[in-house]
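Novice: Sequence:
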Amino acid sequence: MSEMGADSDAGDGASDAAPQSQIGNRKSQIPPPPAGFLFLVGLRLRLLRNHIRAFHRASLLKAGVVGTGGVAFWVGILAASYYGFCFINRYLGHSEPELLVETLLSMFFLLLSAMLLFSNAIISFGTLFRSDETAFLLATPVPADSVFAYRLFESVTFSSWAFLVLGVPLMAGYGLSVGVNLPPQYLAPALDELSRVGPEAVRHLAVSSVTPWYFPVVVLAYFVPFVIIPAAVGGLAALVLAAYLPDQVKRVLGWSVAAGLAIAVSLAVWIHGAIDTDSMFSTRWLHGILGRMNFSRSLFLPSTWVTHGLLRCARGELAETGYWWLVLASTAAMGLVVCWAAGGRLLRKAWSRSCSHTSQRRRAKGAWALARWAPALRLMVGKDWRLFARDPVQWSQCAILFGLMGFYVLNLRSFAYHSGRPLWRNLTALLNLTATSLVLATVTTRFIFPLLSLEGRRFWLLGLAPVKRSTILWSKFLLSFSAALGITVPLIVLSDFMLKLSLATTVHHVAATAFICFGVSGLSVGLGAVYPNWREESPSKIVSGFGGTLNLLLSVGFVIAVVVLTVLPYALALRRLGEGTVEVGVDALWGMVGTAALSLAAGLVPMHLGLRALRRLEF
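First residue of the sequence shown? That's 417 in the numbering used here, and the numbers climb one at a time after it.
Be a bit skeptical, because a hint or two may be false.
The following label-pair restraints were derived from C-beta to C-beta distances [claimed, not checked]:
no., residue 1, residue 2, range
1, L803, P906, 18 to 28 Å
2, E733, R764, 45 to 55 Å
3, P450, W490, 52 to 62 Å
4, E514, S772, 51 to 61 Å
5, R667, G480, 23 to 33 Å
6, E514, W577, 29 to 39 Å
7, L717, S898, 20 to 30 Å
8, L742, D548, 38 to 48 Å
These are calculated hints, taken from the structure and not from any lab test. All C-beta atoms in this analysis are idealised placements derived from N, C-alpha and C, irrespective of residue type, glycine included.
Produce the entire structure from the sequences given, and follow the hints as far as they go.
Specialist: Have a look at this one:
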């Protein structure tokens, strides 16, 4: 009996030990925090590798367009940066060019850091609290701090690649302008000057290079910690808001973006007040600008650290370069440590509160014009508008793009463009119209083209509703056309006003803008119905397909055609008039007729094809 009791006790002990050993094995399978983060990043890199392989198998049209456009953009930024810095050295060399370059670069990096902060806060909120992947990851054994660090890594990647594309050629142009230490007559030469003094310039170039060979490597080394700092602040702000103010996150982010744009406009107006157009490029003019922009050179700003380090590196001062990089890197590391700790403590709480909070439903007060004659169309437009307005990730990008355009337009008089000859003022207005229209073509491709595809598998609900499919399509066109008019027309009117153009010219430009809005809206909505992607929920992935690429190409080609048909003949007519009174001539009227015909074709033909494809769908 005693042996049996001993055996039973041993069996009970073994049975108790088995679950404990299983629990111990399970705990041993849970990766430590750094390993969990590295594991998730490895999965993301594997997905990136698969996307690159799929890109190689994609159409040659898409690869050629992306490659050619990227190379052309880099070369353009590099050339503009080089000649811009050469212009400073040539025409402002008598009045502290070093201080001017330092101030301009400090202001540039300060504005970029502000944009990165807002974009990272918005993207972090979307990837953390509006993603099914986050819910899945929080249900796995991966620690919460690793999940937050992984999402922060994604945010840095998505928001900072454009900064790298813009910043690297900009600083490369500065390095060339410093290294090419030519005499004044060789700086920023014209084509005829270059052919005349080419051999001599090459000889000076070979003997006067002072920029070190490692300057591009240092630029990349500085950019990595620089983009991490605003990303850490933005991600931490999104986490804290979701944890303690879950009902007000979108409102706070939206008002923060609006406040940032208001501050930028106020700074532009304040700096513009110090500019004396009667003494352009003089010492007094330069000191007036630098005095107002001196705040951007504060040593408490990371943008100043980047500027100091890169300027010292271009001059070959290695010790100063290393010092400022260590200051930047240590601050970035401290930000990552704080984010890691905050993610482990607050992520699950913030996720739970963001999923459980309820928002008050607001009803529109009053009825607008469409309610009387097209209630179904009004409801569909309202639905799409509310979906767009509720997502800060979407509308904040539009606000930043067109906010920068408005910032540029408000500073047109800073360099006395309004006091030039009529030909040059109209040419500047033409370039502004072209730039605004190209930005509009990009925005409609990015946001309007995937609207129908985003209905996804829920489209059968609309099919059961007492709404015609043509109403669904035309509602998206109306939303795109009205939003495009509301954004671009004020920009064009403000641009012509700042350039002091005549009323006839302004009306002509507004009409061309309206036709462009009609055409790009029809292209985006119509082709979105012809080439839908019902399985994908990411707008960026929908746009990256064949339909989105084709839509972008056709939209850009349409904008260029409108500029050639409408605005260019008008500008040529102004050239014939010289300094005389500006009148709308026959050339402009014929160009407007051609623009109207082209815009109707570009808007209505894709809408017809899209409606026919939509009616053939079976849901």
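Novice: Determine for every hint whether it applies to the structure shown.
Specialist: Here is what the structure says about each hint:
Against the hinted window of 18 to 28 Å, the Cβ-Cβ separation of L803 and P906 comes to about 24 Å, which satisfies the hint. Checked against the hint of 45 to 55 Å, the C-beta distance between E733 and R764 comes to roughly 48 Å, which is consistent with it. Between P450 and W490, the C-beta spacing of about 36 Å breaks the proposed range 52 to 62 Å. One distance hint, 51 to 61 Å for the beta-carbon pair E514 and S772, holds here, with the actual separation near 57 Å.
Judged by the Cβ atoms, the range 23 to 33 Å given for R667 and G480 is violated: they are separated by roughly 44 Å. Evaluation of the 29 to 39 Å hint for E514 and W577 yields a pass: the beta carbon distance comes to about 31 Å. Distance hint for L717 and S898: a CB-CB separation of about 40 Å, inconsistent with the stated range 20 to 30 Å. Checked against the hint of 38 to 48 Å, the pair L742 and D548 passes, with Cβ atoms roughly 41 Å apart.
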